[in-house]
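Quick mapping for you: the protein sequence lines, in order, are chains A and B. No gaps in the numbering here: position 29 of the first sequence is 29 in my numbering, and each next residue is one more. No gaps in the numbering here: position 73 of the second sequence is 73 in my numbering, and each next residue is one more.
Careful, some of the hints might be misleading.
With a cut-off of at most 25 angstroms between alpha-carbon atoms, the simulated DSS-like pairs for lysine-lysine come out as follows [as the list claims (entries may be wrong)]:
no., chain 1, residue 1, chain 2, residue 2
1, A, Lys99, A, Lys71
2, B, Lys42, A, Lys99
3, B, Lys14, B, Lys55
4, A, Lys68, A, Lys109
5, A, Lys99, B, Lys66
6, B, Lys20, A, Lys42
7, A, Lys99, A, Lys68
8, A, Lys42, B, Lys42
9, A, Lys42, B, Lys14
10, B, Lys41, A, Lys109
11, A, Lys68, A, Lys56
12, B, Lys42, A, Lys71
13, B, Lys66, B, Lys55
14, A, Lys109, B, Lys42
15, B, Lys41, A, Lys99
16, B, Lys55, A, Lys99
17, B, Lys14, A, Lys99
18, B, Lys42, B, Lys20
19, B, Lys55, B, Lys41
20, A, Lys56, A, Lys99
21, B, Lys41, A, Lys42
22, B, Lys20, B, Lys66
23, B, Lys66, B, Lys42
24, B, Lys64, B, Lys14
25, B, Lys55, B, Lys20
26, B, Lys64, B, Lys20
27, A, Lys56, A, Lys71
28, B, Lys20, A, Lys99
29, A, Lys42, A, Lys99
Hints listed in this document are in silico derivations from the structure and should not be mistaken for laboratory results.
Residues per chain, in single letters:
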Amino acid sequence: GESVGLHLPTLSVQEGDNSIINCAYSNSASDYFIWYKQESGKGPQFIIDIRSNMDKRQGQRVTVLLNKTVKHLSLQIAATQPGDSAVYFCADLLGGGNKLTFGTGTQLKVEL
Amino acid sequence: GAVVSQHPSRVICKSGTSVKIECRSLDFQATTMFWYRQFPKKSLMLMATSNEGSKATYEQGVEKDKFLINHASLTLSTLTVTSAHPEDSSFYICSARDLGLGTDTQYFGPGTRLTVL
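Make the full structure from the sequences, and use the hints.
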């Protein structure tokens, strides 16, 4: 089975609010994690990544948090905008491997 | 980030014909590329790993004779769907692994929508 799964299939937020998308993984050997954004009819777009030796990484308006104790990953989007509406996937990579395992995806809907 | 292109973006073909999809890494070299298939409202399913200069590695359940993969150069991998049938209709996405400058990230192409009539 997949080593990565998401808690919620759909998340609706108001424009301007912060969004938090969660992800759980099961394999403690996973050492690299990536968040992708996929808009309808397009390929996944890299958002941010984090290695297992870190617990937080920030990008532009996005922050990824990694809790290795409970095998949990989250993506925080600040001041969510309509353009953030998409499906968000987390993916993990086992140490020494090259194959990503994708979660089921969370649909983020931004309400005006 | 790095750019990966796919061509064509959409293709409609008749049942029994073959379709070739190209995946190119535009600003980096990729010894490894990946081919995925995605059904509506589903996650990405890895089909195979394409290795430059060697045979592709297929995931369990993926027919290598039906989905031919060629990785002829460090910037190009092709997927050929042979004798396509309606059940092969799907969204095919490639990714390329960027190992430059201490990174190890996969960048995805825009996808190819295949419709088999």
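Violations among the numbered hints: 3, 4, 17, 19
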